[in-house]
Amino acid sequence: MSLDFFALPPTKLVKFIERLRKFSIIDEYETYLQALLLNALTELCEFVSSQGVLVLLDDPVKKLKGKNENQLTYIAVMGKDVKHLLGESIASTQGLIGETYTLGKSMVRKSEKKQRISIDKVHTRLEVDHVISVPLKIEGSSIGVVVVYNKKDAVGFTIRDLKLAEIFAGYISTSLQNAIDAKKSMELSKRDDLTGLYNDRHFHAQLEKEVKEAIDQNHPLNLVFMDLDFFKKVNDQYGHLVGSQTLKEVGLILREVVTSEHATLARYGGDEYVMILPKISLDDAVTFSESVRQAIFSKLFMISTPESEGSFVSFKERISASIGVSSLHDHVASTLSIVQKKSLLIKLADAAMYKAKEQGKNCVCVADKLAS
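In terms of the working numbering, the sequence shown opens at residue 58 and continues consecutively.
The reader is advised that the hints may include incorrect statements.
Said to hold, decoys possible - Simulated pairs of lysine-lysine, DSSO-like, Cα-Cα distance not exceeding 27 Å:
1) LYS194 - LYS167
2) LYS336 - LYS269
3) LYS412 - LYS336
4) LYS162 - LYS209
5) LYS194 - LYS119
6) LYS178 - LYS137
7) LYS412 - LYS305
8) LYS162 - LYS220
9) LYS167 - LYS178
10) LYS305 - LYS373
11) LYS414 - LYS373
12) LYS194 - LYS140
Claimed, not checked - Quick list of the computed label-pair ranges, beta carbon to beta carbon:
13) HIS180 - GLN274: 31 to 37 Å
14) THR344 - ASP250: 29 to 35 Å
15) PRO66 - HIS180: 15 to 21 Å
16) LYS162 - TYR228: 17 to 23 Å
17) PRO66 - ASP293: 23 to 29 Å
Worth flagging that the hints you see were computed from the coordinates, not collected in a lab. Being a predicted model, the structure only gives us computed values, none of them experimental. We put the beta carbon where it would ideally sit given N, CA and C, even for glycine.
Produce the complete structure using the sequences and hints provided.
If you want it as structure tokens, here you go:
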């Protein structure tokens, strides 16, 4: 009897396969990942004769802060009554799954004295008699976990079953790794070398697409321009290497705060950044911008220096951001062409950003109402 299979759609899988790999950041993945997971999980269930399989991946952005702050999300599930787990997250330190992820070692458990094993006490009442938990790894680092549960016979999982589960986990890890590498050369042309955000060339192309889509589908579209305050002073005091690392850290802050799958984050040049925020209201775009501003101002920057090994400089509340926000439907006349709307949207966000500078910096300003 075939088991039910469910996986997150490709658009939601993006952030889980976005990896810092050899200094390049890849955030797109082919839709065949679903088919890959379906085939791997189906064959694994058949080979080890199990009642189900769960696949969890970590969040690579949160992972930069350390494993203790990360979460593992169910990205594919196979079995009876497990569909509701899809998209749910657990702490990367929780239970058997967290132990497997943190230690990077496979685990085999069998219930004792009729005390059944709880896989996830938060999201499911699924209790099992036998379980294999195997880490998924890329370049030796854990990125997730494969959980195989309930052997169909009373004996429980064997060493052979564990070895098979490890082989399939390795297959899934290698497939992820190969897909990331295959995308690298194409993706690098869209990326800023320093921050890993999109570059200005991709930003302009993407904004034109977003303007057209917002008009065709009548959904909101917002543009955010951000310029760092007092960055030149940091650059002059500590040098260009520290300055460059600071710009990179700001890019990470943007990625941590703005997690929408629809958002486009780019470095516009120098210490300027832009964010395309579709499908949210102007008020929500302002809220995101304010969160970014607060995160940058309160960030304790600890930047390593080239003078000697282990040396670094630290500063807080030395860097802030002036931010301008414009909205397609609120600020741009509907009579203009797509290219004109795109250009005016940029001009208005840029002007609002300079207004924030004039008002004392470290604040968010919104463009003036409807322009023509």
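Hints, verified against the model:
no., hint, verdict
1, LYS194 - LYS167, "holds, 24 Å"
2, LYS336 - LYS269, "holds, 13 Å"
3, LYS412 - LYS336, "holds, 25 Å"
4, LYS162 - LYS209, "holds, 24 Å"
5, LYS194 - LYS119, "holds, 17 Å"
6, LYS178 - LYS137, "holds, 17 Å"
7, LYS412 - LYS305, "holds, 25 Å"
8, LYS162 - LYS220, "holds, 12 Å"
9, LYS167 - LYS178, "holds, 17 Å"
10, LYS305 - LYS373, "holds, 16 Å"
11, LYS414 - LYS373, "holds, 20 Å"
12, LYS194 - LYS140, "holds, 25 Å"
13, HIS180 - GLN274: 31 to 37 Å, "holds, 33 Å"
14, THR344 - ASP250: 29 to 35 Å, "holds, 31 Å"
15, PRO66 - HIS180: 15 to 21 Å, "holds, 19 Å"
16, LYS162 - TYR228: 17 to 23 Å, "holds, 19 Å"
17, PRO66 - ASP293: 23 to 29 Å, "violated, 48 Å"
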